[in-house]
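Novice: As they're listed, the protein sequences go chains A and B. Each step along the first sequence adds one to the number in the working numbering, with nothing skipped, and position 111 is 111. Each step along the second sequence adds one to the number in the working numbering, with nothing skipped, and position 511 is 511.
Hints may be right or wrong, so weigh each one.
[Said to hold, decoys possible] DSBU-like cross-link-like pairs, simulated, lysine-lysine; straight-line CA separation at most 35 Å:
1. B/Lys134 / A/Lys295
2. B/Lys232 / B/Lys133
3. A/Lys236 / B/Lys296
4. A/Lys134 / B/Lys373
[Said to hold, decoys possible] Partner residues aside, some chain B positions facing chain A, computed with beta carbon under 10 Å:
5. Glu163
6. His183
7. Gln320
8. Glu345
9. Ala370
10. Glu551
11. Arg555
[Said to hold, decoys possible] To list a few chain B residues with every Cβ distance to chain A over 10 Å, as calculated:
12. Val213
13. Asp217
14. Asn414
In short, the hints are calculated from the structure, not lab data. We put the CB at the ideal spot given by N, CA and C, even for glycine.
2 protein chains.
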Amino acid sequence: MSYLDYVNTPADIKKMSVKELEGLSAEVRAAILKRDSLIGGHVGPNLGFVEATLALHYVFDSPKDKIVFDVSHQCYPHKIITGRKNGFLEPEDYVKITGYTAPQESAHDHFIVGHTSTSVSLASGLAKARDLKKEKHNVIAVIGDGSLSGGEALEGLDFAGSELNSNFIVVVNDNQMSIAENHGGLYQNLELLRQTNGKAELNLFKALGFDYVYVNDGNDIAALIKAFESVKDTNKPVVVHLNTEKGKGYTLAEKNKEPWHWHLPFDIQSGELKNSFAGETYNSLTNAFLLDKLKKGENVVVMTAGTPGLFGFTPEVRQQFGAHFVDVGIAEEHAVAMASALAKEGCRPVFSVHSSFIQRTYDQLSQDLALNKNPAVILVHLGGLSGADATHLGNFDMAMMTSIPNLVLLAPTNKDEYLNMLDWAMSQKKAPVVIRVPSGLPEAGKSSAFEPYKSEIIEKGNEVAILALGNFMKLGFAVAAALKEKGISPTLINPKFYHTLDEALLEELKDEHKLVITLEDGVLSGGFDEKVARFFGTSNVKVLTYGGKKEFTDREALESIYQRNRLTAPLIVEDAMAVL
Amino acid sequence: MSYLDYVNTPADIKKMSVKELEGLSAEVRAAILKRDSLIGGHVGPNLGFVEATLALHYVFDSPKDKIVFDVSHQCYPHKIITGRKNGFLEPEDYVKITGYTAPQESAHDHFIVGHTSTSVSLASGLAKARDLKKEKHNVIAVIGDGSLSGGEALEGLDFAGSELNSNFIVVVNDNQMSIAENHGGLYQNLELLRQTNGKAELNLFKALGFDYVYVNDGNDIAALIKAFESVKDTNKPVVVHLNTEKGKGYTLAEKNKEPWHWHLPFDIQSGELKNSFAGETYNSLTNAFLLDKLKKGENVVVMTAGTPGLFGFTPEVRQQFGAHFVDVGIAEEHAVAMASALAKEGCRPVFSVHSSFIQRTYDQLSQDLALNKNPAVILVHLGGLSGADATHLGNFDMAMMTSIPNLVLLAPTNKDEYLNMLDWAMSQKKAPVVIRVPSGLPEAGKSSAFEPYKSEIIEKGNEVAILALGNFMKLGFAVAAALKEKGISPTLINPKFYHTLDEALLEELKDEHKLVITLEDGVLSGGFDEKVARFFGTSNVKVLTYGGKKEFTDREALESIYQRNRLTAPLIVEDAMAVL
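Just chain A, same shape as in the assembly (with noise of 0.2 Å):
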């Protein structure tokens, strides 16, 4: 018998003595250990945060008391003891549960979060809820040290500190690391309450209104308990401060913290990757170049928000660019009007950003960016439809952005137009420019260097028109082939850029063509279909759209978002056949 057996929710550790609650903690581990060599996921914040988390449910008593977890990089073990456990001990129960907190798998998680810096507004709204309708129970934000950087978690912090005056407690799970080592200056507040054991008189959460507790060792069940007995049912806001170990428990993971924040499928003695890759991809394909214009003279910013592992810059990377490397941290805000500056002074920064983050920093492409016209790039990774989580979705980034004046939005569909696309963005003084990384490994194709705002006739027809936009020229070649089944030789198009319309080509269509259809790879609702619809409004051409329905998807299969959304060759073709 395990000590899991017998932990079906959180009232069943509150029973357990500190000896029992060490070896569950084990136990924790070794079920999140197993998943993640499985099928891949977040190892080191998990593996740090058991300790707290049962400490957490052995004092507070949840649902009543509500736990909140930042972008729920540290909610696995949560999810272990609150009626979840086989969907980490089971391999045919873990699909059936996501890897962030989720309201409909439990009554103790109270939001869907994935984007980070939130728990600490959101429990603030759960915190003034409880107090306007007069109800008593604690209210808990937990967040890692690096989602503190975000501007969402500053700005809660700031207002809880001192607008709330009732019971709110912070803990704060202080690994030590973002994903990657941390940057910004209240991390070296944290190193100084960490060496003075919580004792300087120089601290942040105290400068915002906070009361403040220490835990030295944030991986001690016992010391845990007794802090979080502490401030239980405070009539105060107060920081619990934990000095956890990422990756704790697993040796690799502890001596290694970056590559084992996020891990794909890996063997659990080895570490090594099941599946591993050493072959070209967008990003060392991306780095190579930037590096290669570095040398060259170009004064040349390679930026990240807080996530350089997700585009290649591995430390090596980051040291080859030396300080024309910059890693904001968790700060998208940040990095877009420093990169508005940067660009304004002749430097030519490249942000790179995953497309469900760039959701984060609307107001300053708008203000500080596209109104100042500086000419700072882009890189917008991972876009598209995917089978991803419902908070990490591609969709959104292209639609979000066409609304934007002054912004030139790219979207390449092999990697020369890739290549040659950056490099004249890289070249260009007069506007911001965003280019959408085209998903899967690059492949090679024909581009002359990128001529704006032209669009370009792959293959001249008649009747059909395909606009194949980036990600789905290859879609666009396979409706092509399919319309010469039926004996329709159609125009194939690739538009290059979606903020606006080459419509010296469009107005062409006109003349000899009957049916415009449109690819593209996101919503849309808002999308470069819809700018297409319009300018045909007004015509006899006939306009059928093809991308996704506006919608969070879930883990949904990619094949069956693309079968919903019509999203096929033979779909298409008989669409296509109905209209005409």
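We have chain A already, so just place chain B on it with the hints.
Specialist: Just chain B now, kept in the frame of chain A:
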């Protein structure tokens, strides 16, 4: 002769004595007051920052040394002594300069800035560029205490406090006020620092990695010069914290700071508005409605992010709502996340926000709110094409939000419809609802209870159908009337919402209509019109769309904007007849 006669560039003040600078201060102050009294503008922040501006330019060598103003609320003195004094002295020249920093006007301005909390991030880009280019000069970010609560400012401070390691000076203009009183824990720390003459150990700026200098009388030129000289050419990031008096030198503004932050044209002697208005507004209507709900026992939570005055939340109104009024400070991201949590717990949060500032919280609208489907209500004010400054346009809110799933987006056309929609939004529990408050003064109109999601046929006709969204219903009536004069009897439709289409109703139009005209008070790109164009893409119905071009207009007369976009009944009918 006056001192100002001799001042055309900052060089001209470097020879002045402190006494002369004080004389100049009085003249600068008078010029600001005169301009504000005649055309309105920011009063308090500018009056409080006159001496600091002169001292900055006395000590530093702009434009070689670069001064970046946050949100520009305190930039008038700077504009006056950097070659633009006529824009304050000569009423006929007032229109020639903006109320914000503007690089197109002067080499002493580095960015167009009108949204808050941006200066530190922008300046840190200038500093990084300087270091990479191995140049030597000072970079100074000016920021008001009120702007410190914004996520972008906090991200920027955190970054700059540790990542620059070179010259970087942040001047905090602490006038103890945001637009209204400050909200947030950091303001307790500023107060502590003021009370201890800057000597308190607990110091937010030091906790973020900055050196720190305090000036107790931020309107004392000699003290300011001394402080700035002490940090000039520093090789570390440093905060210079100035205790200034908001409204300094104008007794009315000193005594009553909130209404004098920004003021409409007024009589300098009495302070009275030149054109006062005491009638019903959408603000008074909304606040009465919400207060009534509260009195009837609904758990209403009225929210603003630092701009209570914009929405009629006077101190008296705030008192009436008591604990049910929440000003989060300038922190839109936090506001939306907090509203989501309040709604989840059964409260009825209603967050009022300027169209231009909802841009600051796209990701929270998507992830914290929409993904979690919590029924918070957001009232977007001042939406629509406008003659405002490029930084305060109401053009983009609708297009920005149409790509976010789960958000219900409503556009009422008159007072009764607005109240019905607000009532409906606050009584349903399924979705977050955004209501675009109509522009102008409330006008009565027919409206039965809002029925989701049915558009309304105002007038049934044929051949042409007009979809007149929100503010543009009036234009819709005008177009209908003009078409009738041409012998066409059009169908006039009030769409009521724009997150999706009433497809059943649109489907019916296909039978008897050849042309659909869409009218919307916002940018076309990504807007409602394009959804309509997409819907009719495969039908024989033609679509003509009217709204704003994708551009940043800048104090352009509304008349001219309408003309250029063909947003008048005669022009629209001309286009329609050409299509028919």
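Novice: State for each hint whether it applies.
Specialist: Against the structure, the hints come out as follows:
1. For the suggested pair B/Lys134 and A/Lys295, the alpha carbons sit about 17 Å apart, so the restraint of at most 35 Å is met.
2. Distance restraint check for B/Lys232 and B/Lys133: the Cα-Cα separation of roughly 20 Å lies within the 35 Å cut-off, and the hinted pair is therefore satisfied.
3. For the suggested pair A/Lys236 and B/Lys296, the alpha carbons sit about 30 Å apart, so the restraint of at most 35 Å is met.
4. Taking the CA atoms of A/Lys134 and B/Lys373, the gap is about 25 Å. The hint holds against a cut of 35 Å.
5. Because the beta carbon of B/Glu163 sits about 6 Å from the nearest beta carbon in chain A, less than 10 Å, this interface hint is met.
6. Evaluation of the B/His183 hint against chain A yields a held restraint, the C-beta minimum of about 6 Å falling below 10 Å.
7. Given hint, B/Gln320 at the interface with chain A, is violated; its Cβ is 15 Å from that chain's nearest Cβ, farther than 10 Å.
8. Because the smallest distance between the Cβ of B/Glu345 and any Cβ of chain A comes to about 3 Å, under 10 Å, the interface hint for this residue holds.
9. The closest approach between the C-beta of B/Ala370 and any C-beta of chain A is roughly 8 Å, which is under the 10 Å cut-off, so the hint is satisfied.
10. Contact between B/Glu551 and chain A, as hinted, is supported at the beta carbon level, the nearest pair being about 5 Å apart and thus within 10 Å.
11. A cut of 10 Å between beta carbons decides the hint on B/Arg555: the least distance to chain A is about 14 Å, and the hint is violated.
12. Every C-beta of chain A lies more than 10 Å from that of B/Val213, the closest at about 16 Å, which supports listing it as non-interface.
13. The claim that B/Asp217 lies off the interface holds: its Cβ sits roughly 24 Å from the closest Cβ of chain A, which is beyond the 10 Å cut-off.
14. Every CB of chain A is more than 10 Å from the CB of B/Asn414 (nearest about 26 Å), matching its label as outside the interface.
Checked against the numbered hints above, the structure breaks hints 7 and 11 and satisfies the rest.
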